[in-house]
Amino acid sequence: NAGLVLVVADDPGMHSSQNEQDSRYYARMAGVPLLEPSDSMEAYRMVGAAFEISERYDTPVLLRLETRVSHSRTVVEYEDERREVDLPYEKDAVKRVMIPGHARLRHPVLLRRLEELAREAETSPFNRVEMRSDRVGIVTSGVCYQYVREAFPEASVLKLGFAYPLPERMARDFASHFRRLYVVEELEPFLEEALKALGLDVMGKARIPRAGELDPDLVGSSLAEIMEMDTGLRDGGWSRPEATRTPRPSTLPSRPPVMCPGCPHRGLFYVLSRLKLVVSSDIGCYTLSVLPPVSGIDCQVCMGAGVGMALGLERAFASSEVNASYRGKVVGALGDSTFIHGGITGLIDMVYNRTPCTIIILDNRTTAMTGFQDHPGTGKTLMGEKTHALDLEALCRAVGVESVRVVDPWDLEGTEKALREEVGSDRTSVIISRRPCTLMQRSPHPVYRVDEEECTGCRRCLRLGCPALVVRGEKAWVDEGLCAGCSMCAQLCRPGALREVEDGD
Numbered sequence: 001n002a003g004l005v006l007v008v009a010d011d012p013g014m015h016s017s018q019n020e021q022d023s024r025y026y027a028r029m030a031g032v033p034l035l036e037p038s039d040s041m042e043a044y045r046m047v048g049a050a051f052e053i054s055e056r057y058d059t060p061v062l063l064r065l066e067t068r069v070s071h072s073r074t075v076v077e078y079e080d081e082r083r084e085v086d087l088p089y090e091k092d093a094v095k096r097v098m099i100p101g102h103a104r105l106r107h108p109v110l111l112r113r114l115e116e117l118a119r120e121a122e123t124s125p126f127n128r129v130e131m132r133s134d135r136v137g138i139v140t141s142g143v144c145y146q147y148v149r150e151a152f153p154e155a156s157v158l159k160l161g162f163a164y165p166l167p168e169r170m171a172r173d174f175a176s177h178f179r180r181l182y183v184v185e186e187l188e189p190f191l192e193e194a195l196k197a198l199g200l201d202v203m204g205k206a207r208i209p210r211a212g213e214l215d216p217d218l219v220g221s222s223l224a225e226i227m228e229m230d231t232g233l234r235d236g237g238w239s240r241p242e243a244t245r246t247p248r249p250s251t252l253p254s255r256p257p258v259m260c261p262g263c264p265h266r267g268l269f270y271v272l273s274r275l276k277l278v279v280s281s282d283i284g285c286y287t288l289s290v291l292p293p294v295s296g297i298d299c300q301v302c303m304g305a306g307v308g309m310a311l312g313l314e315r316a317f318a319s320s321e322v323n324a325s326y327r328g329k330v331v332g333a334l335g336d337s338t339f340i341h342g343g344i345t346g347l348i349d350m351v352y353n354r355t356p357c358t359i360i361i362l363d364n365r366t367t368a369m370t371g372f373q374d375h376p377g378t379g380k381t382l383m384g385e386k387t388h389a390l391d392l393e394a395l396c397r398a399v400g401v402e403s404v405r406v407v408d409p410w411d412l413e414g415t416e417k418a419l420r421e422e423v424g425s426d427r428t429s430v431i432i433s434r435r436p437c438t439l440m441q442r443s444p445h446p447v448y449r450v451d452e453e454e455c456t457g458c459r460r461c462l463r464l465g466c467p468a469l470v471v472r473g474e475k476a477w478v479d480e481g482l483c484a485g486c487s488m489c490a491q492l493c494r495p496g497a498l499r500e501v502e503d504g505d
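Under the numbering used here, the sequence shown has 501 at position 501, and the numbering climbs by one with no breaks.
Hints were generated in silico from the structure; no laboratory data involved. Remember, predicted model here, so these are calculated numbers, not experimental data. All C-beta atoms, glycine included, are put in the ideal place defined by N, C-alpha and C. Mixed in with the good hints, there may be bad ones.
[Unchecked claim] Derived DMTMM-like pairs (lysine to aspartate or glutamate); straight-line CA-CA distance at most 25 angstroms:
{"no.": "1", "residue 1": "Lys95", "residue 2": "Asp58"}
{"no.": "2", "residue 1": "Lys475", "residue 2": "Glu452"}
{"no.": "3", "residue 1": "Lys475", "residue 2": "Glu453"}
{"no.": "4", "residue 1": "Lys205", "residue 2": "Glu154"}
{"no.": "5", "residue 1": "Lys276", "residue 2": "Asp411"}
{"no.": "6", "residue 1": "Lys329", "residue 2": "Glu453"}
{"no.": "7", "residue 1": "Lys276", "residue 2": "Glu228"}
{"no.": "8", "residue 1": "Lys386", "residue 2": "Glu402"}
{"no.": "9", "residue 1": "Lys417", "residue 2": "Glu453"}
{"no.": "10", "residue 1": "Lys196", "residue 2": "Glu122"}
[Said to hold, decoys possible] Now the in silico label distances, taken between C-beta atoms and shown as ranges:
{"no.": "11", "residue 1": "Tyr89", "residue 2": "Ala316", "range": "46 to 54 angstroms"}
{"no.": "12", "residue 1": "Arg83", "residue 2": "Leu482", "range": "42 to 50 angstroms"}
{"no.": "13", "residue 1": "Met29", "residue 2": "His445", "range": "49 to 57 angstroms"}
{"no.": "14", "residue 1": "Leu110", "residue 2": "Glu421", "range": "21 to 29 angstroms"}
{"no.": "15", "residue 1": "Ala30", "residue 2": "Lys386", "range": "37 to 45 angstroms"}
{"no.": "16", "residue 1": "Met14", "residue 2": "Val470", "range": "26 to 34 angstroms"}
The task is simple: from the sequences and hints, build the whole structure.
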């Protein structure tokens, strides 16, 4: 009976995502209101407003953030005291159990609610008109409002914070002042489509890129020419001075993300790559092993997909003469928390279908990629309280996996031996690659150093892709400030030039 607010953070430019989905369309498909803050203060205000809207109209509310709003800081003034609400539960099966008979009753309710929400949007304080130039009118929302204000400080702006349902009367009134409206939004033409549906003359994605992240300079360069053509004026006083634009360095080297020094996943995927196996992976820190020099992943989609894809690949290769060489060489890889989240059912399916395939669970004792959260396998709740620790080995055996082995991924030889014995067998098997995330290491650890007289410059150690290993001249060199003491590089060094630093060295 209380409010429900769904918060999503889209990632234009894919700084840490695998896609650039525009979540605004979920609001339209579900028929729920959409709020888009442009800075931290608005985000703070919109959370409270979203709950008020949700409770007043009995609807979920979608609060859509973007990378730059989420990762920026602006002044936030504390406004309201926190309200403690304790509502009694009320049974309402017609509302909450969508059998066809109930759904037929609820759909008209949803449509009427959207009409009411559209009237709410017309008077929302999050929607406002800023009249300046009588030649240029721009419609925008979210962080793009900030880009517009920088790129075109004298342009008139319709800022939509309550972006769906669209405040149609406000949009029409704003459009009446201009020959054409320009729409600035990242990713899909969500607002542009809605405005065109009203019959308004709108320019948007024909000029502004549909892919990637925007910024003030890109917005300015995309629209300046068409604005000049439309108005007949060259820089009619709306664009910012050239001196304030951000210089763009052109000679910065590429710096792709890498796994940390000593990352236990590095050893495992190095061995997988060395054995030339077909690896289907989930998403996590280990996804970075797709990059050279490890290049240890063939395909990856989402949490839980690695197991199902491995099953499908193994089945496909089994019936393909062209791909017969890949039979028995498929493995699926996923993290411990990912396995608990979405891999167990896939493993059951694999056992049920008697698929000869090996699944590798990368157990680093935490959910590292998103901030070291605990999970059911760590023995602690998210609040740090002790609880039952899920036994991964027992769980795998309980669903029918007969061969379950545990390896230490820092032990390259032992890991390779286990893989050679399990991959290609006639049964489903599980290998648990267990080593705590290196960033959780608190006690002092050894470091390694290169004996330059012994080093031949073969660069075999560099195949690990460890950031602590570099080349100086013709020799390998270890940055001891980064070295995690994993010893994997020393295991690969045939001349024995990489050695643990003794006390006093």
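Results of checking the hints against the structure:
1. Lys95 <-> Asp58: holds, 10 angstroms
2. Lys475 <-> Glu452: Answer holds: Lys475 to Glu452 is near 7 angstroms, not above 25 angstroms.
3. Lys475 <-> Glu453: Satisfied, since the Cα-Cα distance of roughly 9 angstroms is no more than 25 angstroms.
4. Lys205 <-> Glu154: Holds, because 22 angstroms separates the two Cα atoms, which is no more than 25 angstroms.
5. Lys276 <-> Asp411: Holds - the C-alpha atoms of Asp411 and Lys276 are around 19 angstroms apart, at most 25 angstroms.
6. Lys329 <-> Glu453: Distance ~40 angstroms between Lys329 and Glu453 Cα, so the pair is violated.
7. Lys276 <-> Glu228: Judged against 25 angstroms, a Cα distance of about 57 angstroms means the pair is violated.
8. Lys386 <-> Glu402: violated, 30 angstroms
9. Lys417 <-> Glu453: Distance of about 32 angstroms is beyond 25 angstroms: violated.
10. Lys196 <-> Glu122: The hint holds at about 18 angstroms.
11. Tyr89 <-> Ala316: 46 to 54 angstroms: holds, 49 angstroms
12. Arg83 <-> Leu482: 42 to 50 angstroms: holds, 49 angstroms
13. Met29 <-> His445: 49 to 57 angstroms: Hint holds: Cβ distance 51 angstroms, inside 49 to 57 angstroms.
14. Leu110 <-> Glu421: 21 to 29 angstroms: Violated: the Cβ-Cβ distance is about 57 angstroms, outside 21 to 29 angstroms.
15. Ala30 <-> Lys386: 37 to 45 angstroms: holds, 39 angstroms
16. Met14 <-> Val470: 26 to 34 angstroms: The hinted range 26 to 34 angstroms holds for Met14 and Val470, with Cβ atoms some 28 angstroms apart.
Checked against the numbered hints above, the structure violates hints 6, 7, 8, 9 and 14; every other hint is satisfied.
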